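A.B. asks: Given these sequences and hints, build the entire structure.
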Amino acid sequence: MISGKAVISGQAAIAGIGATEFSKDSGRSELRLAVEAVRAALDDAGIAPSEVDGLVTFSMDTNSEIAVAREIGAGELSFFSHVGYGGGAACATVQQAAMAVATGMAGVVVCYRALNERSGHRFGQVSRAAASMPTSSGVDNGWTYPMGLGTPAATVAMAARRYQHVYGASSEDFGQVAVADRRHAATNPNAWFYQRPITLAEHQASRWIAEPLRLLDCCQESDGAVALVVTSAERASGLRQPPAVIRAAAQGSGSDQFVMTSYYRDGLTGLPEMGVVGRQLWRQSGFAPADVRTAVLYDHFTPYVLMQLEELGFCPRGEARHFIAGGAIQLGGRLPLNTHGGQLGEAYIHGMNGIAEAVRQVRGSSVNQVPGDGPVLVTAGTGVPTSGLILSEVR
Amino acid sequence: MNITEAAARIAEAGDGSPRRGRDPVNLPMIRNWLEALGDTNPRYEAGSLAPPAMVQVWTMHGLHPASTAGDPLSAMSVVLDEAGFTSVVATNSEQAYHRELRLGEQVEVRSRQRDAAGPKRTALGEGWFVTTESTWYVGTEAVATMLFRILKYRPPGPPEPLPSPPAAPPAAPPVDVLRPVVSRDTAFFWDGTAAGELRIQRCGECGALRHPPGPACPECGALKPEYVVAAGTGEVYSYVVHHHPPVPGRALPFVVALVELTEGVRMVGEILGAREFGVGEVSIGAPVRVEFVRVDGELTLPAWRLADPEGER
Numbered sequence: 001m002i003s004g005k006a007v008i009s010g011q012a013a014i015a016g017i018g019a020t021e022f023s024k025d026s027g028r029s030e031l032r033l034a035v036e037a038v039r040a041a042l043d044d045a046g047i048a049p050s051e052v053d054g055l056v057t058f059s060m061d062t063n064s065e066i067a068v069a070r071e072i073g074a075g076e077l078s079f080f081s082h083v084g085y086g087g088g089a090a091c092a093t094v095q096q097a098a099m100a101v102a103t104g105m106a107g108v109v110v111c112y113r114a115l116n117e118r119s120g121h122r123f124g125q126v127s128r129a130a131a132s133m134p135t136s137s138g139v140d141n142g143w144t145y146p147m148g149l150g151t152p153a154a155t156v157a158m159a160a161r162r163y164q165h166v167y168g169a170s171s172e173d174f175g176q177v178a179v180a181d182r183r184h185a186a187t188n189p190n191a192w193f194y195q196r197p198i199t200l201a202e203h204q205a206s207r208w209i210a211e212p213l214r215l216l217d218c219c220q221e222s223d224g225a226v227a228l229v230v231t232s233a234e235r236a237s238g239l240r241q242p243p244a245v246i247r248a249a250a251q252g253s254g255s256d257q258f259v260m261t262s263y264y265r266d267g268l269t270g271l272p273e274m275g276v277v278g279r280q281l282w283r284q285s286g287f288a289p290a291d292v293r294t295a296v297l298y299d300h301f302t303p304y305v306l307m308q309l310e311e312l313g314f315c316p317r318g319e320a321r322h323f324i325a326g327g328a329i330q331l332g333g334r335l336p337l338n339t340h341g342g343q344l345g346e347a348y349i350h351g352m353n354g355i356a357e358a359v360r361q362v363r364g365s366s367v368n369q370v371p372g373d374g375p376v377l378v379t380a381g382t383g384v385p386t387s388g389l390i391l392s393e394v395r
Numbered sequence: 001m002n003i004t005e006a007a008a009r010i011a012e013a014g015d016g017s018p019r020r021g022r023d024p025v026n027l028p029m030i031r032n033w034l035e036a037l038g039d040t041n042p043r044y045e046a047g048s049l050a051p052p053a054m055v056q057v058w059t060m061h062g063l064h065p066a067s068t069a070g071d072p073l074s075a076m077s078v079v080l081d082e083a084g085f086t087s088v089v090a091t092n093s094e095q096a097y098h099r100e101l102r103l104g105e106q107v108e109v110r111s112r113q114r115d116a117a118g119p120k121r122t123a124l125g126e127g128w129f130v131t132t133e134s135t136w137y138v139g140t141e142a143v144a145t146m147l148f149r150i151l152k153y154r155p156p157g158p159p160e161p162l163p164s165p166p167a168a169p170p171a172a173p174p175v176d177v178l179r180p181v182v183s184r185d186t187a188f189f190w191d192g193t194a195a196g197e198l199r200i201q202r203c204g205e206c207g208a209l210r211h212p213p214g215p216a217c218p219e220c221g222a223l224k225p226e227y228v229v230a231a232g233t234g235e236v237y238s239y240v241v242h243h244h245p246p247v248p249g250r251a252l253p254f255v256v257a258l259v260e261l262t263e264g265v266r267m268v269g270e271i272l273g274a275r276e277f278g279v280g281e282v283s284i285g286a287p288v289r290v291e292f293v294r295v296d297g298e299l300t301l302p303a304w305r306l307a308d309p310e311g312e313r
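Chain order of the listed sequences is B and S.
Residue 123 in my numbering sits at position 123 of the first sequence; the count goes up by one each step and never skips.
Residue 282 in my numbering sits at position 282 of the second sequence; the count goes up by one each step and never skips.
It should be emphasised that the hints constitute simulated quantities derived from the structure, not laboratory data.
These numbers were taken from a predicted model, which means no experiment stands behind them.
Beta carbons are placed, not taken as given, at the ideal position from N, Cα and C, and that holds for glycine.
Hints are supplied without guarantee of correctness; some may be wrong.
Incomplete in silico selection of chain S near chain B, CB under 10 Å [to be verified]:
(1) 188
(2) 239
(3) 268
C.D. replies: Laid out in structure tokens, this is it:
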């Protein structure tokens, strides 16, 4: 059932990345943001918009593939897809693009995500729409929203509290993730929190949002867009930028899975769906956690970064708080995480900006470059059906 | 006792207990009302007067109305519900204003039943027209009156399993909480909370318990969902103290818990009273007991209260 190494590994590569500025009020439509990011990514790759024959985004993006295709002048499309579960789909867009390229369904596939998430619809608020969807997901939400559990932070806080109880993790442990992210953002001119690092004491002084989560455990709300150009590894080798070869790409959903509220299946101390992703990534790529040079772990909320380290096998269960201690996840540590500043520090572009940073690390062009030639791991939204990638240079 | 006799008895009882306005007549509420209705007439504010048509506002129930025992319309609604006239529609509201209210005046309202006529055949179905007369007083002075008529009718098709709410005056806003999407697979749960039962899905084939429920049994595959009524006890498995952002229908902060029921399944619910006794009192493992919070005739939420072994909180 778990795919083997030969199927997808090394067949496709990310050849171009593009983004708008990251802000709190873009002043432009989400479609325009998408167009700007897609054009920038194609320009980065040196591929003309007319060559695009595939487009992939994910649920919650308001820009249809055909609308983006029209605006960039793409012409005919042979592959288009809209992956489910919001931010959990970020890496899955690249997986689908890689599969389309590897199977000959398309030659140039652009993955994109554009959102006015701060100036427009804010995900951090209670969503009446989510509570009233006439779908199985709407029925699922009926077990939490009416009871007052209706924000992403609160749903994560429920698991975080149990994780603290079982493994002894503290608010300070969660804060280490925020401190690392903000340190990295402080040297990234594209980050919202450029030149604004925080201390652990500042994290501890920040107000409660949903105990045990503080304000600084929660990612930003941002306006902006990111796009990624996927083509065959062979073609990518002859383009403008060094290719980021897709060594592994996986989706994962756990047993008894819900969206943000998988509260009924186990001890509430892990992210089984990320375990599903991790096992595939290691098998497809042939790499092991110790090979990874740097990782971009989805950080909408800090506790889930700790749980991801455990699910992906970087450390045993319950020991992430020891693993991250002493600056281990900061630049110069044993596994620098989120070198762009993450979604706490750079921007919340629903995980897509993290993939762009993983590409820069492979290229050697990150503002916080981690030395070495090991692969780079990147994950998508957690607490929901999710996805992940392992990228590396041509070898 | 038939409906006519019950109606006569309710009418004979005369005025129900008076309901006092929560606040005296006040300028902030007047401004809100004028703004909502787009009334820009400056005379109210200039003269410290309340618009007469606002009279119902002063004695409205809050978001979480207490029991309406003693209210004639509620009593008559119960009688008609039990006879199968479970649906309701407001048909008439005639108000007369005797004088304008002034800032600072304290208002109370008394209601009595004027008439109950039926059964009548209507386009909606067979039903009874119930008319109540409400009078607003400042001290002993009547300042406004209202004749309010509803039609309580038997809905076409199979009868509704649940009684409808006691009719509310038409101006009452719907209670602002998020409502669950209910499917055919989950209706039994919400019917249960309305009836004061916490129901857990039980597979009619293998007996496995499950929450949240669904159409099929993940253990044996049977499409035979049944339910058992839970004891209503459990313990806190995890919990969140919610501080921000605001949540419809709730005052901040409040506590939401994942409760592990004695029967073994888990479910999410608010811990009631946490703000009063202190959110720090909640802890993982704390024993809790279910309570049912009636929002309105359409929704009753399951919630939990800490079960204090030392006695009642």
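A.B. asks: Hint by hint, say whether it matches the structure.
C.D. replies: Tested hints:
no.: 1; hint: 188; in the structure: violated, 13 Å
no.: 2; hint: 239; in the structure: holds, 6 Å
no.: 3; hint: 268; in the structure: holds, 5 Å
Of the numbered hints stated above, the single one contradicted by the structure is hint 1.
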